[in-house]
Structures are given as structure tokens and as C-alpha cells.
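J.: Using the sequences and the hints given, assemble the complete structure.
There are 2 protein chains.
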Amino acid sequence: MKMRNVAIIGTGHTKFGVRTDVNLQELAWEAIKQALEEANLDQKDIQYFVVGNVGSWSAEELPAVVVGEYSDLTPKGTMRVEAACATGSAALRDAYLAIKSGEADIALAVGVEQMHQSPNPQVVELIGRAGDYFWEFENFGLTFPGYYALHASAYMAKYGAKEEDLGKIAIKSHHYGARNPYAQFQKEITMDEYLKSKPVAYPLKLLDSSPITDGAAAVVLASEEVAKKITDSPVWIVSQGVASGTANLSKRTDFTRIEAAYLAAQQAYSRAGINFDEAWRFFDVAEVHDCFTIAEIMAYEDLGFAKRGEGYLLAREEQTYIGGKIPVNVDGGLKAKGHPIGATGISMAVSITRQLLYRAPKGTQVDVKHGMGISHNVGGTGHYAYVTIFSTRRPSS
Amino acid sequence: MKMRNVAIIGTGHTKFGVRTDVNLQELAWEAIKQALEEANLDQKDIQYFVVGNVGSWSAEELPAVVVGEYSDLTPKGTMRVEAACATGSAALRDAYLAIKSGEADIALAVGVEQMHQSPNPQVVELIGRAGDYFWEFENFGLTFPGYYALHASAYMAKYGAKEEDLGKIAIKSHHYGARNPYAQFQKEITMDEYLKSKPVAYPLKLLDSSPITDGAAAVVLASEEVAKKITDSPVWIVSQGVASGTANLSKRTDFTRIEAAYLAAQQAYSRAGINFDEAWRFFDVAEVHDCFTIAEIMAYEDLGFAKRGEGYLLAREEQTYIGGKIPVNVDGGLKAKGHPIGATGISMAVSITRQLLYRAPKGTQVDVKHGMGISHNVGGTGHYAYVTIFSTRRPSS
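Protein chains in written order, with numbering that gives the first Met the number 0: chain A, 0 to 396; chain B, 0 to 396.
Heads up, a few of these hints could be off.
In this list, chains with the same sequence are indistinguishable; a pair is considered to hold if it fits within one copy or across any two.
Stated by the list, open to error - 30 Å max Cα-Cα, derived DSS-like pairs, lysine-lysine:
1. K306 <-> K368
2. K228 <-> K368
3. K250 <-> K43
4. K324 <-> K250
5. K306 <-> K43
6. K250 <-> K306
7. K361 <-> K324
8. K250 <-> K32
These are calculated hints, taken from the structure and not from any lab test.
T.: As C-alpha cells, this is what we get:
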């Protein structure tokens with residue numbers, strides 16, 4: 000049966016960083032306002048909205064409701080969704096399905112997180128609970144840098160990647176972050192600075208790690224019929240894959256990859272008619288989930304951009320800069336742009352949309368040859384994975 | 000464009016009550032297992048699952064992930080959704096849209112809540128934060144019984160309803176709860192007991208109030224094509240309406256109704272071709288959100304079962320018992336069955352499905368004349384509202 004096509008027709012993005020100058024709903028509204036303006040719509044046109052927010056550190060128990068009221072979206076239908084650090088992509092999915100299913104013609108997805116509402120050690124504790132609280136956090140004290148350090152150690156031991164290869168990811172992220180006015184860290188770093196940065200969990204250092212971030216991002220989606228009337232530059236959601244991993248990392252068989260991300264990519268590629276081994280040839284730009292540098296290297300392999308065990312070579316050879324084999328995270332990535340966990344997935348969609356429409360910040364714009372982009376958003380350590388494919392060409396469906 | 004029909008093909012429901020005998024994932028699995036068995040499917044057949052859980056009192060930060068692993072649903076795609084006390088209906092919606100949109104052919108929605116994980120005063124505090132935390136909870140100390148007491152006072156003052164009319168609701172709920180083996184309270188109460196029960200927030204008493212509950216409920220949904228192969232007794236989701244209300248109750252203009260519920264009903268009725276003023280004629284059974292007795296009376300009016308200001312007469316005349324104008328909450332409702340807030344919306348869908356298929360517990364089965372049922376699930380005090388219509392007849396769409 001023929002399904003409805005869904006397009007992004009407006010995008011909004013706040014400055015990422017320490018955003019205690021506003022409250023949660025004000026932060027969300029900054030992104031929503033921009034997205035509505037870009038779509039040339041106002042609140043009454045929105046038929047449904049969804050709020051992505053983890054918010055364990057938030058005083059507000061019902062983020063979707065306070066955001067709805069403050070943004071004047073009440074009484075439109077809504078819900079809050081959560082998929083750990085992939086929460087933004089879960090929100091995108093909900094709005095996408097609302098339109099694809101015919102329940103709405105215009106919907107808004109906003110991701111928002113204000114992680115600085117909580118003092119720093121508590122945030123790390125709360126993030127540490129993501130996974131299997133009872134077995135791994137309560138009993139063994141694992142927190143997220145520890146989890147990803149397991150991945151990095153396993154990967155380096157098996158494939159011979161070096162600390163400098165991880166450093167290359169951080170340097171690239173900061174190179175582009177320095178050119179993105181929305182980024183939390185707008186300064187470049189050197190390999191020397193990287194190697195000397197404080198150890199967090201061996202082999203990961205401070206400069207391998209994405210920061211604690213406040214921020215919001217929003218997209219307005221529309222059905223094909225409506226999109227055609229509103230804009231001459233829609234960006235279509237071609238397909239989405241979604242998969243999950245075990246809560247316990249002890250039940251995973253391989254620490255050199257994120258199996259859920261691989262499965263989500265397979266789904267998304269299969270629906271879009273993309274061959275996994277040549278996937279990189281299809282895309283002008285990719286946004287991947289580099290919560291730690293090692294995660295970006297695993298993403299190269301889980302998305303088929305590099306063969307197993309060769310992802311670090313893409314970094315070493317600088318093939319994921321603009322002009323390389325496939326530009327990745329040229330908005331600064333989670334590492335330098337920042338990682339407000341409820342917003343990150345939508346931020347990826349915003350960056351890709353603006354890239355495909357030649358609206359990226361100066362010094363970060365890729366050449367658009369294929370009109371296609373891809374986002375890879377992981378929750379936890381592969382507890383959730385969402386892979387989404389975007390295109391300026393209308394899907395035939 | 001023709002959309003896909005979606006059917007419920009399996010239902011599961013745990014005993015509601017104090018369920019500290021199990022953990023969150025074990026509780027969810029009780030319902031999931033039953034739903035899979037009823038659908039004659041196993042985990043590998045499920046293509047997507049969604050977990051409804053509020054869980055502010057939960058140690059587990061990622062309920063969908065621990066439920067997925069324990070229930071052997073990993074690596075299927077998933078997310079957690081939240082819409083306060085309407086969370087179960089939000090989960091139903093997500094699974095419904097996954098199938099209606101063509102993203103999946105078989106999906107599972109489970110709602111689970113373990114409110115006794117937290118000591119009682121803290122649960123009331125956490126529920127109190129649902130609404131506008133900053134203005135109404137932090138500054139004025141309003142908690143949920145207080146909010147609904149405002150509704151009850153306004154309603155009684157405007158329309159002349161009496162305490163005994165509220166009592167009629169509680170007595171009916173306990174009458175049917177006593178006959179539902181899954182109910183938290185399986186005993187009848189008298190008007191005298193009702194009138195003498197402890198005051199909570201005038202005019203509401205302990206016996207006006209739904210309890211703190213642990214429990215889970217699950218449904219398996221399938222596309223028409225798949226449902227036809229699996230079962231000869233599908234129950235179709237005909238339509239769903241969804242709306243929201245302001246976070247601040249101070250911004251509401253009328254306390255004698257829940258505007259969001261009325262709007263959600265309008266949407267659901269409009270899509271199903273049902274005339275609001277005669278809505279009660281269409282349904283064999285209704286499940287409404289009686290978190291406090293006054294809420295059930297407002298629901299009668301917001302759903303069009305009674306004219307404005309006359310809902311309490313339905314209670315007084317016992318028209319919502321089996322054999323009356325329209326049987327409502329004949330499973331005991333939130334009041335007697337219990338209200339595990341993430342599960343309640345799915346529990347309603349389970350009760351309606353079993354009623355329409357003549358599988359309700361003895362002494363609670365309605366006569367099925369139209370083959371249709373309706374659920375009304377409110378989050379907060381009208382912060383969210385979901386109205387869903389079910390039928391044994393396949394929608395023509």
C-alpha cells in the first residue's frame with residue numbers, strides 16, 4: 000500500500016552550552032519559534048507536537064505540557080518521548096509517524112534538555128543509571144565514560160587503533176565546532192592538547208568526551224500535499240531504522256561495535272534501497288553519535304562507511320572532513336557542538352537539512368552532489384539506536 | 000489516501016495492587032507474556048515495541064530497555080513514552096501509528112508502573128509536580144487531590160450535585176472491582192462507608208480517590224493483512240483523538256469540565272463518524288478516567304453521554320451500571336481496579352477488548368449490541384487527553 004511522504008519544512012536550533020539564562024520551556028521555544036518562522040507557519044497550523052526530553056534532572060515532571068503552554072501550542076495533542084541519548088530521534092520518529100499514518104498533516108518535534116539544572120556529579124550519576132541500574136550501576140559503579148572506555152579498549156586491542164586516531168576525531172569536531180555559531184565549544188584544539196588532556200577512564204580523556212549541555216532543536220514536518228504548498232525546498236525523510244540492545248552490557252558479545260546501530264542502519268538502508276557496503280557513496284553528509292570519540296569510529300563501521308576494523312583509518316586519513324570520502328559531524332558533533340541528550344537527534348536532523356539546502360554556517364558547508372544525508376543517534380551504549388535518511392528528492396514510495 | 004487498518008490481536012493484564020513481589024521488568028513481562036500467548040505469537044514476531052512508564056519513582060532510568068531485555072524483545076526497536084496518567088494511551092498511540100504508517104506489521108505496547116517503589120508521601124509529591132511545578136506546586140503546594148477538589152467544588156456549586164452523587168460513582172466502581180480478579184480493591188462499599196470515609200481535600204474523601212497502584216497491561220497490534228491470518232476475533236482501533244491543556248490550572252476558564260478531553264472526543268468522533276450528542280448510543284461499554292469520582296462525572300459530559308451539568312444524574316440514576324444507558328468502568332475503574340499511571344490507558348484497551356469479545360470476568364460482562372467501546376484517558380488534570388474508539392467491525396477507512 001502506498002504510504003504518505005513526509006518532509007521537513009522548517010528547522011530551529013538554539014545556542015548549545017550552559018543555558019541557565021532561561022528555563023526549560025523558554026529554551027524549547029527558542030527552537031520552536033525559529034522552526035515556525037522558517038516554515039512560515041504559526042502555532043495554530045501545528046496539528047500535533049511531540050517533546051523529546053529525558054529530564055531526570057528537571058523539576059518539571061511534565062515537560063511536554065509546560066513546553067506546550069509556553070509555546071502556545073495548547074490544546075494540540077502531544078506526548079513526551081524518551082530513548083536515552085537518542086530521545087531526539089524518537090521525537091522525530093513520533094512526528095514522522097503521525098504524518099505518515101495520516102493522523103496529522105503538519106506536526107512539530109522539539110528536543111530539549113537542560114542538564115545544568117543539576118549539579119555536575121549528580122548528572123553523571125543520573126546518566127550512569129542509563130543502562131542496567133541494578134546490576135551495573137548499583138553493584139559495579141559503572142558510569143558512561145567507563146562504558147565507552149570498555150569499547151575503546153576492546154577496539155584498540157583488536158584492531159591496533161592508537162590514541163592519536165581517537166584524537167583525530169576530537170580535533171575534527173573542534174575544527175568544525177569553531178565555525179558553528181550554535182556550538183558549545185567554538186575553539187580548535189591541537190593533538191598536543193588532546194594527548195595532554197586529563198584522563199577520564201583509560202584510554203578516554205577529557206577531550207574524548209562530549210560535554211554536559213543545555214539546548215533545544217525543533218523541526219516542522221508536513222505531508223507531501225501540504226509541504227508542496229508551503230515550501231519549494233522540502234527535505235524528505237526517506238526512511239528510518241530503529242533497534243535496541245540489552246540493558247546489561249555484560250550480555251553483549253562484542254565491544255568493538257554497537258550492534259543496535261548496525262541493525263538500525265540495515266533497516267534504514269533496506270527501505271531506501273541502499274547497499275550497505277557502498278552506503279557512503281549515497282550521502283553528502285552524515286551526523287553520527289560521537290558521545291565519545293570511539294563512538295564515531297564504531298559508527299563509521301556500523302553504517303558501512305568503512306570495513307570492520309578499518310574505521311579508525313578514515314579518521315587517521317582525515318576522510319571525514321569536508322572534501323573527504325564522506326563528511327561526518329561537520330557541525331562539531333556531540334563533542335564540540337554539545338550533547339543536550341533530548342535534543343541531539345533533532346539537532347542532527349536540523350544540521351543535515353541545512354546542509355542539503357546550502358544553509359550551513361560558513362566553513363562547514365559540504366558540496367551537495369547526491370542530495371542525501373544520514374543521521375545515526377545512539378541511546379545509552381547501544382541500548383537504543385535510530386538511523387534516519389534524508390533527501391532533497393521526493394521518495395517515490 | 001487509504002490508510003491501513005490496525006487491530007488488537009492479543010491482550011495481557013497483571014493483578015493490580017501492591018506488586019513489590021516483582022521488579023519493574025518482571026511486572027511488565029507478566030502482561031507481555033499473556034498478550035503474546037493470546038495472540039499466539041512469540042517475541043521474534045514483534046517488530047516494534049513501546050513502553051509506557053512515568054517512573055519518576057523508579058531506580059531504572061531506561062524502563063523500555065530493561066523491559067526489552069527481560070522480555071527477550073531486544074533487539075527490536077523501541078522507545079519510552081510519557082503523557083502523565085494518560086501514558087498508557089500514548090503508548091497505544093505509538094504502536095498504533097507504527098502499524099498504521101506501515102513502519103511495522105506487528106507491534107506491542109506495554110504500560111507498566113510500580114508506584115510502591117517510592118514511599119507514599121514522596122509519590123504524592125511526585126504526582127503533585129505533574130502540572131506546573133514552578134507556579135502551582137512549588138509556590139502554592141497544590142497536589143492532585145487538591146486540583147480535583149477544585150473541580151468537584153466548582154461542579155457541585157454550579158450544578159447542584161451532592162456528595163452522594165460522587166459516592167454513587169465510588170460504590171459502582173467497588174461493585175465491579177469486587178468482581179474483577181485483577182482489581183486492587185475487591186470489596187464492595189456502602190454509601191454510609193463512603194460518607195464516613197476520611198476527608199482528603201474537601202469535598203473529596205478517601206473513597207473518592209484512586210489508589211497508589213503497581214501493575215502492567217499489554218496489547219499486541221497488527222495490520223489488517225496480518226491480523227486476518229492470526230485471529231478470527233480482531234478488535235479494531237477505529238480512531239483516536241488527542242489534545243492537551245495548559246500546565247497552569249490558573250489559565251483554565253472553567254473547572255466544571257476537562258476541555259482537552261472534550262476536544263479529544265470531538266476528534267475521535269469526527270473521524271469515526273459519530274455524532275457527539277448521541278455518542279452514548281454507539282457504545283456497548285466505556286472506560287473513563289475516574290482518578291477521582293468527580294472526574295468520571297465530568298467525563299460523562301466531555302464525551303457527550305450527558306448534557307452539560309447533567310452528568311451527575313447518570314450516576315444518581317445508576318445509568319452507567321450494566322443494563323443502564325451506557326455501562327462505564329465495569330472493570331472497577333481507576334477507583335477500585337487501581338491506577339498504575341503508565342499502565343492505565345492500556346488496561347482500558349484490554350478491558351474493552353475483552354468486553355467486546357465476551358471475555359470479561361463473571362458479573363462484569365456487558366451485552367454487546369454495537370460491537371463498539373470507547374476509552375477516555377486523562378493525564379494530569381486535563382494536561383493530556385486521549386480518546387480511543389474500538390470496534391469488532393473492520394473500519395472501511
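J.: Failing hints, ascending?
T.: 4
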